[in-house]
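A.B. asks: The lines below spell out each chain.
Number of protein chains: 2
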Amino acid sequence: MTDVVIAGIGQTEVGEHWDIGLRDLAYAAIHDAIQDAGGLKPQSLFVGNMLAPNLSRQAHVGALIADYAGLTGIEAVTVEAAGASGGAALRQGYLAIASGMVDVALVVGVEKFTDKVGSGVDEALATTSDSDFEAVQGMTPTSQAALLMRRYMHEYEVPKDGFAGFALTAHTNGVANKNAMFRKAIKAETYAKAEMVSDPINMFDMAPNADGAAALLLTRRELIPSNWQSPLVKIAGSAASSDTLALHDRKDMLYFDTAQISAGKAMKQVGLTLDGIDFFEYFDMFSIYAALQLEAVGFAIKGNGWKLAADGSIGLKGKIPCATMGGMKARGFPGGAAGVYQAVEAAMQLRDQAGANQIADARFGLIQSLGGPASTAVSHILQRLD
Amino acid sequence: MTDVVIAGIGQTEVGEHWDIGLRDLAYAAIHDAIQDAGGLKPQSLFVGNMLAPNLSRQAHVGALIADYAGLTGIEAVTVEAAGASGGAALRQGYLAIASGMVDVALVVGVEKFTDKVGSGVDEALATTSDSDFEAVQGMTPTSQAALLMRRYMHEYEVPKDGFAGFALTAHTNGVANKNAMFRKAIKAETYAKAEMVSDPINMFDMAPNADGAAALLLTRRELIPSNWQSPLVKIAGSAASSDTLALHDRKDMLYFDTAQISAGKAMKQVGLTLDGIDFFEYFDMFSIYAALQLEAVGFAIKGNGWKLAADGSIGLKGKIPCATMGGMKARGFPGGAAGVYQAVEAAMQLRDQAGANQIADARFGLIQSLGGPASTAVSHILQRLD
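Protein chains in written order, with the working numbering: chain D, 1 to 386; chain C, 1 to 386.
If you're looking for bench data, these hints aren't it; they were derived computationally from the structure. Here the structure is a predicted model, which is why all the values come from computation and not from measurement. Among the clues, some could well be false.
Pairs involving identical chains hold if they fit within one copy or between any two copies, as the list cannot separate such chains.
[Said to hold, decoys possible] In the DSBU-like style, the derived pairs of lysine-lysine whose C-alpha atoms are separated by at most 35 Å in a straight line are:
| # | residue 1 | residue 2 |
| --- | --- | --- |
| 1 | LYS268 | LYS41 |
| 2 | LYS234 | LYS178 |
| 3 | LYS234 | LYS268 |
| 4 | LYS234 | LYS116 |
| 5 | LYS41 | LYS251 |
| 6 | LYS302 | LYS41 |
| 7 | LYS187 | LYS265 |
| 8 | LYS265 | LYS234 |
| 9 | LYS193 | LYS317 |
| 10 | LYS160 | LYS265 |
| 11 | LYS319 | LYS116 |
| 12 | LYS41 | LYS187 |
| 13 | LYS41 | LYS234 |
| 14 | LYS41 | LYS265 |
| 15 | LYS116 | LYS317 |
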């Protein structure tokens, strides 16, 4: 099979973009990605979007964005898998190139949370959990994650401040990321004193909903011009898995099956073990998600994921650096764009473009997007080619 | 490249299924498709859905359906392109098999209109047109199609009853389709007296929104068991194209560019001209769409599409049979499932399973799904292998 490579990356600042719309955000990221790829023109567009039909009253976003980006006529489609929408769109772009039917594919993730305010946002987010059995009871993704975190703390006797390391690491890494929503490091005391959102989840145990767009241009390796400058990044592994939406339907809610399955498949495709992975972009929408991902992927045994955050292992110079550009917590959570941001940031690491956050000699990065509490997990392994 | 073939088909009756939910509908179609395929197990699920985040307050439908269908763990994602969602999901399934990364892909289209009643349905449908420039003015897809039809009638001096043939043909063909919503033929007088919905669109110029699910199991030809019974159907051509959402953004709103581009590409892939196509499943959500598709694909010159309906050319024994199982008008319009129904019905024709509606010696069928007024068009050519 042909190698699928990243020819261009683009991203907007993550934050509250009150003054510009969904299509403008997408355009900005697409413009940068196409320019980064030296003007390479896509035939297909895969849009990762999570909630625009509710937040922005806009479905059919694929055609809308293709036209607004000056790409009228190309194939365009929206890919949705809740929070994993961006990762799922990347996977569709990958499959399109791998099929040999498409030469250049554009993957863009975009979300515009500020098109809605107040309870409308919670209502929109609640559509991603089981509507008939969870949302109907008033459950939101945050209250669901709170139940999960409480159970974890109870089962493994983890103190509340055992989770502080996730927020401290993310905010430390966010300082040097010019696209991050929050660029200020925090102290352990700040975490300890933080207001509760849904006990035991405090303000720093969850990521802020935010506006943003990120884009990737994918192509076959042989189509890259011979005078290419930056290190080439290959999509070496790609896999996805699904689980129940509702937590009560699982045998063991404290193990993220899909995170294990999808990462395992992706690693097998590359012929890689955990030792070969230089950094891990987990999906820290909630601290508890990050802890459970570290366990499911295999970096920690069950009940011990939080310790990697507590003992510094996930820091930039740690055993397995995570959230290297600030993660969801500091960079922000731009819904369906989140998975594409993960890929853009991982590509920056592998191209030596991560500035102060650069991980030395990074060759393989694992990125994993989650929809809900790993009801969907999409894993990709990005590889630097030299 | 490997041949992508249809190993199984399934569909529910189209109608108002007040008593069962979105996931139940999807399950019924999936069950039948897997059984039809002799129990072949999919690794990936592509769900075509148009409006569940609004109609059913349910996003993240991919994982939900995978689990409910007893396929927990497989890859699952939702594909959306307004009315073309089903066709777009089929194309993603096709690309997945063509990539060589997936052996068996399940494509299911599902919609549950009766989860919402009254103006909520119009509000949901309006999200598929340009929210900032059309929907915000109160425009719905029906009023948009009415403007388009009025312009066509004016430009080409077409009388109102010039469109009757589309409804007459569809309802004639619906009689023998046990899954059709309406199974009664109508007369020209009935069309002439029909109540106006949005002038000049009357009750028979548009398709009824309905609940339904249809499913396809795709695989590589070499994975089909050697004792296979029914004629094998190959996806011989697959292409998609996008255009502006808003009609006012087009140079010529009376020509469906995307219908031409996507059908042209698909035919080129097969090495086929129009003469080689035995039937055409157009997207007759509105009569005017069907007329414009016939022109864009090339069966009629500009301004003459309606004549093929008026002179009987689109009948089962006509030059180019269309809506052979009743089309959107008589079978019903089940949103994101519509494109998958088209494929299931075309497969039935090519397998000689179309009963009273069978087209003799059919070898190639063209199916085309539209999102909005051809803001998206997805074309597939299905071929009978002998």
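A.B. asks: Using 35 Å as the alpha-carbon threshold, which applies to LYS234 and LYS178: within, between, both, or neither?
C.D. replies: For LYS234 and LYS178, the Cα distance is within 35 Å only inside one copy (25 Å; across copies 50 Å).
A.B. asks: How would you label the pair LYS187, LYS265 (within, between, both, or neither) given a Cα cut-off of 35 Å?
C.D. replies: neither (38 Å within a copy, 58 Å between copies)
A.B. asks: Between the shortest in-copy and the shortest cross-copy C-alpha distance, which are at most 35 Å for LYS268 and LYS41: within, between, both, or neither?
C.D. replies: both (32 Å within a copy, 21 Å between copies)
A.B. asks: Within a copy, between copies, both or neither: where do LYS41 and LYS234 come within 35 Å Cα-Cα?
C.D. replies: Result: close both inside a copy and across copies, 19 Å intra and 30 Å inter.
A.B. asks: Give the relationship of LYS41 and LYS187 under a CA distance limit of 35 Å: within one copy only, between copies only, both, or neither.
C.D. replies: Answer is neither: 46 Å inside a copy and 51 Å across each miss the 35 Å cutoff.
A.B. asks: Between the shortest in-copy and the shortest cross-copy C-alpha distance, which are at most 35 Å for LYS319 and LYS116: within, between, both, or neither?
C.D. replies: neither (40 Å within a copy, 52 Å between copies)
A.B. asks: Tell me, please, which holds for LYS234 and LYS116 at an alpha-carbon limit of 35 Å: within, between, both or neither?
C.D. replies: neither (37 Å within a copy, 45 Å between copies)
A.B. asks: For the identical chains here, do LYS265 and LYS234 meet the 35 Å Cα criterion within one copy, between copies, both, or neither?
C.D. replies: both (17 Å within a copy, 29 Å between copies)
A.B. asks: Within, between, both or neither: how does the pair LYS116, LYS317 come out at a Cα-Cα threshold of 35 Å?
C.D. replies: Classified as neither; 39 Å inside a copy, 53 Å across copies.
A.B. asks: Have a look at LYS41 and LYS251 and pick one of within, between, both or neither, based on CA distance no larger than 35 Å.
C.D. replies: Cα proximity of LYS41 and LYS251: across copies only (23 Å, versus 47 Å in one copy).
A.B. asks: At most 35 Å between CA atoms: does that hold for LYS234 and LYS268 within a copy, between copies, both, or neither?
C.D. replies: Both ways: LYS234 and LYS268 sit 16 Å apart in one copy and 31 Å across, limit 35 Å.
A.B. asks: When no copy is specified for LYS193 and LYS317, does a C-alpha distance of 35 Å or less occur within a copy, between copies, both, or neither?
C.D. replies: Classified as within: same-chain Cα gap 27 Å, cross-chain 77 Å, threshold 35 Å.
Violated hints, listed in ascending order, are 4, 7, 11, 12, 15; each of the other numbered hints is respected by the structure.
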